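4 protein chains.
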Amino acid sequence: MPLDPTKHADWEIAEAAEKTMKTVYQLGDELGLEKEELLPYGHYVAKVDYKKVLDRLKDKPDGKYIDVTAITPTPLGEGKSTSLVGLVQGLGKRGKNVIGAIRQPSGGPTMNVKGSAAGGGLAQCIPLTEFSLGLTGDINAVMNSHNLAMVACTSRIQHEFNYSDAFLEKQGLKRLNIDPRNVEMKWIMDFCAQALRNIIIGLGGKMDGFMMHSGFAIAVSSEIMAILSVANDLKDMRERMAKIVVAYDKKGNPVTTGDLDVDGAMTAWMVEALNPNLMQTLEGQPVFVHAGPFANIAIGQNSVVADRVALKLGDYICTESGFAADIGFEKFWNLKCRMSGLTPHCAVLVATIRALKCHGGAPIFPDPDCP
Amino acid sequence: MPLDPTKHADWEIAEAAEKTMKTVYQLGDELGLEKEELLPYGHYVAKVDYKKVLDRLKDKPDGKYIDVTAITPTPLGEGKSTSLVGLVQGLGKRGKNVIGAIRQPSGGPTMNVKGSAAGGGLAQCIPLTEFSLGLTGDINAVMNSHNLAMVACTSRIQHEFNYSDAFLEKQGLKRLNIDPRNVEMKWIMDFCAQALRNIIIGLGGKMDGFMMHSGFAIAVSSEIMAILSVANDLKDMRERMAKIVVAYDKKGNPVTTGDLDVDGAMTAWMVEALNPNLMQTLEGQPVFVHAGPFANIAIGQNSVVADRVALKLGDYICTESGFAADIGFEKFWNLKCRMSGLTPHCAVLVATIRALKCHGGAPIFPDPDCP
Amino acid sequence: MPLDPTKHADWEIAEAAEKTMKTVYQLGDELGLEKEELLPYGHYVAKVDYKKVLDRLKDKPDGKYIDVTAITPTPLGEGKSTSLVGLVQGLGKRGKNVIGAIRQPSGGPTMNVKGSAAGGGLAQCIPLTEFSLGLTGDINAVMNSHNLAMVACTSRIQHEFNYSDAFLEKQGLKRLNIDPRNVEMKWIMDFCAQALRNIIIGLGGKMDGFMMHSGFAIAVSSEIMAILSVANDLKDMRERMAKIVVAYDKKGNPVTTGDLDVDGAMTAWMVEALNPNLMQTLEGQPVFVHAGPFANIAIGQNSVVADRVALKLGDYICTESGFAADIGFEKFWNLKCRMSGLTPHCAVLVATIRALKCHGGAPIFPDPDCP
Amino acid sequence: MPLDPTKHADWEIAEAAEKTMKTVYQLGDELGLEKEELLPYGHYVAKVDYKKVLDRLKDKPDGKYIDVTAITPTPLGEGKSTSLVGLVQGLGKRGKNVIGAIRQPSGGPTMNVKGSAAGGGLAQCIPLTEFSLGLTGDINAVMNSHNLAMVACTSRIQHEFNYSDAFLEKQGLKRLNIDPRNVEMKWIMDFCAQALRNIIIGLGGKMDGFMMHSGFAIAVSSEIMAILSVANDLKDMRERMAKIVVAYDKKGNPVTTGDLDVDGAMTAWMVEALNPNLMQTLEGQPVFVHAGPFANIAIGQNSVVADRVALKLGDYICTESGFAADIGFEKFWNLKCRMSGLTPHCAVLVATIRALKCHGGAPIFPDPDCP
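Top to bottom, those sequences are chains A, B, C and D. Residue numbering for the first sequence follows my numbering, beginning at 52 and increasing consecutively. Residue numbering for the second sequence follows my numbering, beginning at 52 and increasing consecutively. Residue numbering for the third sequence follows my numbering, beginning at 52 and increasing consecutively. Residue numbering for the fourth sequence follows my numbering, beginning at 52 and increasing consecutively.
If you are wondering where the hints come from, they were derived from the structure by calculation, not from laboratory data. One or more hints might be untrue.
Remember, identical chains collapse to one label, so a pair may be satisfied in a single copy or spanning two.
What the hints assert, rightly or not - Once the Cα atoms are required to be at most 27 Å apart in a straight line, the calculated DSS-like pairs of lysine-lysine come out as: (1) Lys221 <-> Lys286; (2) Lys86 <-> Lys58; (3) Lys257 <-> Lys294; (4) Lys294 <-> Lys73; (5) Lys257 <-> Lys70; (6) Lys257 <-> Lys111; (7) Lys115 <-> Lys408; (8) Lys257 <-> Lys302; (9) Lys103 <-> Lys70; (10) Lys301 <-> Lys102; (11) Lys221 <-> Lys115; (12) Lys111 <-> Lys286; (13) Lys111 <-> Lys294; (14) Lys103 <-> Lys144; (15) Lys70 <-> Lys286; (16) Lys102 <-> Lys70; (17) Lys102 <-> Lys147; (18) Lys144 <-> Lys257; (19) Lys286 <-> Lys73; (20) Lys301 <-> Lys221; (21) Lys301 <-> Lys408; (22) Lys147 <-> Lys237; (23) Lys294 <-> Lys147; (24) Lys257 <-> Lys237; (25) Lys86 <-> Lys70.
None of the values given here were measured: they were computed from a predicted structure.
Let the hints inform the model, and build the full structure from the sequences given.
This is how it looks when you write it as C-alpha cells:
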C-alpha cells in the first residue's frame with residue numbers, strides 16, 4: 052500500500068515502495084526471460100541481452116506500440132513521464148501484459164527545477180536512486196567512447212606535426228592534415244558545466260599539442276547517444292560509429308572517426324550499453340530505461356533496441372517521445388520510426404492546464420526574487 | 052586446460068579460459084557469501100557488499116596479509132601483477148584458501164606499451180574485457196564525483212559575481228570570494244588527454260563564468276580515488292569527501308568541497324563504488340579488484356575495504372603495491388597501513404633480469420626508428 | 052621639370068622632385084606664418100601651431116571650402132587623393148592662393164595593393180617617405196594615448212580585486228566594479244595584425260590581472276583619432292577625451308576614461324598631435340596632412356583644426372572625404388560639418404571608368420593565380 | 052636665476068627655466084653644426100645628422116670619454132642621471148666644452164616611483180615634457196619596427212598553412228615551417244601593460260591565423276633598441292636587423308627577420324631614429340638623449356652613435372651606464388665598448404648614503420600602509 056501522495060514527497064513514496072519491490076530475477080521470470088538473457092546489476096536492475104531475446108523470439112508477433120508525447124510544455128515539464136508510467140500501471144491493473152520504455156535521465160540539470168524524469172506521485176519508476184545516478188553506466192560509456200575520438204583527433208594532429216611522412220608511413224599512417232581551427236567535435240561530460248562550454252585547449256607546450264578552440268557539451272547530446280537510440284543492432288552501431296565527422300582537413304574535407312581508426316575502440320566501450328536496462332513501476336510492471344533525453348539538442352528518444360525487445364516480450368508497449376509533439380514526436384516519427392521501420396498503433400498527447408495557459412500567453416516563470 | 056603461452060597471446064589464453072570460467076554466483080558460494088552480500092554485474096563479475104560481510108564476520112580472525120611489490124621497474128613494467136596472480140594460483144593449487152586483491156587499471160595509457168595489468172600468460176585475471184574496460188564503473192563514479200566539485204566551484208564564482216550579498220543570504224549562501232586565479236583542483240577524465248592538460252575555461256561570455264586556467268588530469272590521480280583506497284567505510288569516506296581543497300579565496304584561505312556544500316552529492320556518486328569487485332584467476336581463485344593505479348601520481352594502492360573483506364573471507368590474502376618498492380611499497384606501508392591499522396605478515400619483492408640490467412646502467416628503451 | 056609619368060614610377064617622380072622642393076621655412080613664409088607658428092620636423096615637414104594662427108587671424112574671413120569625394124570605388128581606389136592634389140596644383144598654376152588638406156595614411160595595409168594615399172603620377176604630396184612612414188608621429192601619439200586607457204582599465208580591475216574598500220578609499224579611489232567580461236575597448240596598433248584581432252589577455256597569474264577577451268584594432272580606427280578629427284581645440288579635445296566608454300561595471304553602467312581618471316594623461320600624449328602637419332605638392336603648393344583614413348571603420352576625415360587653419364591662410368581650400376560619397380561624404384556632411392559649423396562652397400565628385408564599370412556589374416578583382 | 056630647489060618641485064624648476072632656454076638653433080651654432088646637420092623638432096629639440104657630422108669631422112680627434120655609473124641602487128634610484136647632469140653643468144661653468152649623453156626614459160613606469168630620468172633639482176635636462184613624453188619618437192619607431200617583425204611572422208605561418216608549395220614558390224617564397232609553439236619573439240608596447248605580458252593570440256578563426264602563446268614586453272627591452280644602442284652606422288644597423296631570431300622551425304632551426312624578408316622594412320622605420328636627439332641642461336650645456344634604459348632587461352646604454360658625435364663636437368663627454376656598476380657598467384665595458392672600439396678615459400661612481408645603508412642590510416621599502 053503506497054504512501055499518500057498528498058502528504059509525502061515523490062522520493063518518500065519511492066523509498067517506501069522499494070522495500071517491497073520485486074527483484075529483477077522475479078521481473079525476468081514474469082517476462083519469460085531465459086537465465087542468460089538477464090544480466091543483473093545488483094538485485095533490482097538488470098540489462099537484458101537484446102540479441103538473445105530477439106533471436107529467440109524472432110517469429111513472435113510484436114505487441115501494440117503506443118507513443119506518449121505532449122503539447123509544448125512549460126519550463127517545469129508537463130508530466131509526460133508521469134502519464135506514461137500511470138498508463139503502464141493502469142493497463143497493468145486491468146490485467147494487460149504491458150511494458151514501459153523510457154529514456155534515462157541526464158545528470159546535467161543539477162538545479163533540479165524539473166521533475167526526476169522517473170514520473171511522480173503514485174506513478175514512478177523504481178529504484179529511484181539508481182535511476183537518477185547513472186543506472187548501469189550507459190551515459191558513462193557514451194562519455195568514454197565520445198572523448199576517445201577527441202583524444203585520437205588531438206593526438207593525431209600532434210603526431211603528424213612531429214613526424215615526417217616517411218615515419219608516419221612506417222607506422223601505417225596516412226597524413227590526415229587536420230586543420231586545428233576546424234575541429235567540429237567537442238568533448239562531453241554528464242554535467243551542465245557552463246565553464247567548460249567554450250575553452251581553449253593545448254596550452255601545455257610541445258608535448259600537449261596545438262592550441263585550439265574546443266568545449267564540453269552535455270553527454271546526452273553526443274552523436275553516440277543518438278546512435279545508441281537508433282541502432283538496430285551491434286553491427287549497425289559499429290557502422291555508424293565510423294562515420295562521425297570529427298574535424299575537417301586543410302582542404303575542407305571531413306575527417307571521420309573511421310579515418311582516425313578509432314571506431315573499433317569506441318564501439319568496444321559501447322557493447323554493454325547497447326543492452327537495455329530493466330526496472331519496474333511502483334506497482335511492479337516492467338519498464339525499459341535506455342538512451343537519453345533532450346530532443347532539443349539531441350534525438351532525445353528511447354532506444355529502438357529497447358522498443359524491439361519490449362514489443363517481443365509484451366502485448367502493450369508504451370514508449371515516450373520527449374520535448375513535446377513539435378520536436379520530440381517529430382523526431383520519433385520522422386527519424387526513429389523511419390530508421391527502425393516500426394510504426395506506432397496509438398499516440399497519447401499529454402496536455403496540462405498550466406501549459407495551455409502559457410500557450411495562451413500567461414507568464415511562464417514569475418521569479419520576483421531574482422535581482 | 053589452458054592454451055600454450057609460448058604459442059598464444061595473453062588475450063587468446065584469457066578468452067579460451069573464459070569459456071569455462073566459474074559464474075560469480077559459484078565464486079560467491081565458495082567464499083561463503085550470503086545471497087544479499089553478492090551484487091552481480093552480469094554473470095561473471097560482482098560487487099560484494101563490504102558492510103554486510105564485515106558486520107557478519109566481525110568476530111572472525113583475519114587471514115595472513117601478503118604484500119607483493121617490486122624493484123624499480125623498466126618502462127615496460129616487471130610482472131608484479133603477473134607474480135601476484137601466479138602466487139594466488141600456486142597457493143590455490145596447494146589447497147590453500149587464498150584471495151588476490153589488486154587495483155583496477157586506468158583507461159588512460161591508450162598506447163598500451165605496458166601489459167594489461169591483469170597479469171599475463173597463464174597467470175591472469177578474468178574476464179579480461181570487463182577488467183580492461185571499466186569493470187563495474189568505479190572510475191566513472193570517481194570522475195562524476197570529482198567533476199561535480201568543479202562544476203560547483205565554477206558555478207559558485209559565477210553566482211557570487213552576479214548576485215548581491217542580500218540575495219545570496221536569502222538563498223542561504225555565504226559569500227566565499229573564491230579567487231578565479233587560484234583554483235587548485237582540476238577536472239578529470241579516464242584518458243591521457245594531453246590536449247586537455249592545460250586549458251583555459253570560461254570563454255563563453257557572461258553565462259559561462261570567468262576565464263581561468265584549468266586542466267584535466269587522469270581520473271585515477273583524483274583525490275577521490277585516494278579516498279576510495281584508504282576509507283575504512285562509508286562514514287569515513289563521507290568525512291574525507293568534505294575536506295578536499297578546491298580553491299583559495301581572495302585572502303588565500305582554502306575553500307573546500309564542504310564549503311561548497313557539494314560533499315554529500317559527491318559521496319552519493321561513490322556509494323556503490325565503495326563495494327569491492329569480485330573476479331577470478333585463470334584457475335578460478337577469487338580476486339578482488341578495487342581502486343586505482345599509479346603510485347607516482349596517486350596513492351596507487353588496492354583499497355583498504357577490499358583487503359579487509361578478503362582478510363575475513365580467506366586464509367591468505369595477496370595484495371599489491373605498485374610502482375615499485377621505493378614509492379609504492381612506501382605508500383602502502385606509511386600511508387595505507389597507518390590509516391587501516393592492518394600490518395602485513397609477509398612481503399614479496401619481484402625482480403626481473405631486465406630491470407636489474409637497467410639498474411646497472413643498460414639502455415632502457417632503444418627505439419632506433421624514432422626520428 | 053618632373054620625370055615623365057609614362058616612364059617612371061610614382062616614387063621615382065617623387066624622389067626626383069624632392070631634390071628641388073621648397074624647405075618648410077620657405078613654405079611658412081609664403082603662407083605668411085610667424086616664426087613661432089611654424090614647428091619644423093626636419094627641413095621639409097613642419098607642424099603649425101593652430102592656436103597661434105587662429106588667434107592672430109581670428110578676424111580674417113575664411114577662404115572657399117571645397118570638398119573632394121568620389122563614387123563608390125573599386126578595391127584599388129579611384130584617384131580621389133590624386134584628383135585633389137591635381138586640383139590644388141591646377142589652381143596654384145592659375146595663380147590662386149590654394150591649400151590642400153588631406154588625411155595621413157595608415158601603416159596598416161602592408162600589402163600595398165592600394166596607392167600610397169599621397170596621390171600619384173604628377174599629382175603627389177612630398178616628401179613621400181616621411182608621408183608614408185608616420186610623418187611627425189601623430190598616429191603613434193594616438194596609439195600611446197589609447198593604450199594608456201587600457202593599461203589604466205586592466206590595472207584598475209587588478210587593483211580593486213587585491214585591495215579592500217578601506218585601502219582604496221585611502222588612495223582616493225572609489226570602487227568601479229568593472230566587469231572583466233564586459234570591457235568594450237580594445238588595444239590598438241598601426242598594423243593589420245590579424246593574429247592580434249582576437250586574443251585572451253591576463254594569463255600571467257596573480258600579478259598580471261584577470262583573464263579576459265581582448266584584441267588589437269588598427270590604430271586609425273581609435274575613438275581618439277575620431278576626436279583628433281573633430282575637436283575644435285585642445286579644450287574640446289580634453290572634454291571628449293574624458294567621455295570614452297572603456298568598459299561596463301557589474302550592473303551594466305558605462306565606465307569612462309574620466310571614471311578611470313586617465314583622461315588628463317591621455318590628452319598629454321595628444322597635445323602636439325593636435326597641430327596639423329605642413330607638406331607640399333610636387334609643384335610646391337602647401338598641403339596640410341592631419342588625422343586618419345578609413346571612413347568605413349572610423350570617421351576617416353581630415354581634421355577640423357587643419358581645415359580651419361587652412362581656411363584662414365588660403366583663398367581656396369581643398370579638403371577630402373574618403374571612402375566614397377555614400378559613407379565618407381556622408382560623414383563629412385553630417386558629422387564633421389555639424390561639429391565644426393563649417394559649410395563647403397563646392398564639392399568635387401571623382402568618377403573613374405573602372406569604378407563605373409564595376410557599378411555596372413563587371414568583375415572587380417580578377418586574380419587567376421589565387422588557389 | 053633658477054628657482055630654489057628646497058621650495059619647488061623638479062617640474063616647477065624645469066618649467067621656469069624653459070622660459071629662457073636656448074633655442075635648438077643657438078645650441079647648434081654653439082656646437083659648430085652646419086645648418087643641414089641640425090634637424091629641428093620644434094624650436095627646442097633637434098635630431099643631429101650623425102653621418103654628416105662624422106664625415107665632416109672624421110679627422111678631428113675625439114674628446115675625453117667619461118662614464119658615469121653607480122653602486123647597486125635602491126628601488127628609488129640613486130641620482131646617477133642627476134650626478135651626470137650636475138657634472139656637465141659644473142664642467143660647463145668652469146668653461147669646458149662639455150656634452151652630456153644620456154638615455155631616453157621609457158613611458159612604462161607609470162606609477163612614477165622613480166625620478167624622471169632627466170635628473171632633478173638644479174641639475175636637469177630640458178624641455179622636460181618633451182623629454183618625458185616620447186621626445187622625437189624613437190621609441191615609437193622601435194615599436195613599429197619590432198611589431199612589424201611579428202606581423203610578418205604570424206602572417207607567414209598563416210600564409211604557409213593556407214597555400215601549396217607550388218603557390219608559395221610562384222610568390223618567391225620558400226616554406227619556412229615555423230612552429231607556432233616556438234615563436235620566441237614577443238610584441239612590444241611602451242607601457243608596463245601587465246595584462247598583456249602573457250596572452251594567447253590568433254583566436255579569431257581562419258583569417259586570423261593560429262592560436263599561440265605570446266605576450267607584450269616593454270618597448271625599450273626590444274632587441275631593436277639594443278641594436279640602436281650599439282650600431283656604428285646605418286649599414287651596421289641594417290645588417291644586425293636581419294639577424295634577429297623570431298622563431299624556430301619544426302626542426303628547431305632558428306627563423307630570422309632576414310628569413311622573413313622583413314629586415315629592410317624594419318630598418319626603414321628606424322632610419323630617422325638613428326640620429327641622436329639634442330637637448331640642453333638647465334644651464335644650457337648640450338645633452339644628447341638617445342636609446343633606452345633598463346640594463347636589467349636590456350642593454351640599457353646610451354647609443355654609440357650619440358657618443359661618437361659628441362666625442363667629435365666636444366672636449367669632455369659624459370655618458371651614462373645605468374642600473375649600477377654590476378650590470379650597467381659591465382654592459383658598457385664588455386658589450387658597448389667592445390662593439391664601438393671606444394675606451395673611456397675616466398669613470399664616475401655615484402654612491403648615496405641610502406644605498407650604502409641598504410647594502411648594509413637596512414630595510415629597502417617600508418610601506419606600512421600596504422594591506
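Going through the hints against the structure:
1. Lys221 <-> Lys286: The answer is neither: 31 Å in one copy and 50 Å across copies each exceed 27 Å.
2. Lys86 <-> Lys58: Neither: 41 Å inside a chain and 36 Å across chains, both beyond 27 Å.
3. Lys257 <-> Lys294: between (30 Å within a copy, 25 Å between copies)
4. Lys294 <-> Lys73: neither (42 Å within a copy, 39 Å between copies)
5. Lys257 <-> Lys70: Neither: 57 Å inside a chain and 46 Å across chains, both beyond 27 Å.
6. Lys257 <-> Lys111: neither (60 Å within a copy, 56 Å between copies)
7. Lys115 <-> Lys408: For Lys115 and Lys408, neither the intra-copy (33 Å) nor the inter-copy (70 Å) Cα distance is at most 27 Å.
8. Lys257 <-> Lys302: both (25 Å within a copy, 12 Å between copies)
9. Lys103 <-> Lys70: between (31 Å within a copy, 17 Å between copies)
10. Lys301 <-> Lys102: neither (42 Å within a copy, 52 Å between copies)
11. Lys221 <-> Lys115: neither (57 Å within a copy, 51 Å between copies)
12. Lys111 <-> Lys286: within (23 Å within a copy, 51 Å between copies)
13. Lys111 <-> Lys294: neither (33 Å within a copy, 57 Å between copies)
14. Lys103 <-> Lys144: Neither, since 29 Å and 36 Å both go past 27 Å.
15. Lys70 <-> Lys286: between (40 Å within a copy, 23 Å between copies)
16. Lys102 <-> Lys70: Only across copies: Lys102 and Lys70 sit 19 Å apart there, 32 Å inside one copy, limit 27 Å.
17. Lys102 <-> Lys147: Cα proximity of Lys102 and Lys147: one copy only (25 Å, versus 41 Å across).
18. Lys144 <-> Lys257: neither (65 Å within a copy, 51 Å between copies)
19. Lys286 <-> Lys73: neither (34 Å within a copy, 29 Å between copies)
20. Lys301 <-> Lys221: both (23 Å within a copy, 20 Å between copies)
21. Lys301 <-> Lys408: neither (52 Å within a copy, 36 Å between copies)
22. Lys147 <-> Lys237: Intra 45 Å, inter 52 Å, cutoff 27 Å: neither.
23. Lys294 <-> Lys147: neither (42 Å within a copy, 53 Å between copies)
24. Lys257 <-> Lys237: Both, since 22 Å and 18 Å are each at most 27 Å.
25. Lys86 <-> Lys70: both (24 Å within a copy, 17 Å between copies)
Checked against the numbered hints listed earlier, the structure breaks hints 1, 2, 4, 5, 6, 7, 10, 11, 13, 14, 18, 19, 21, 22, 23; every other hint is satisfied.
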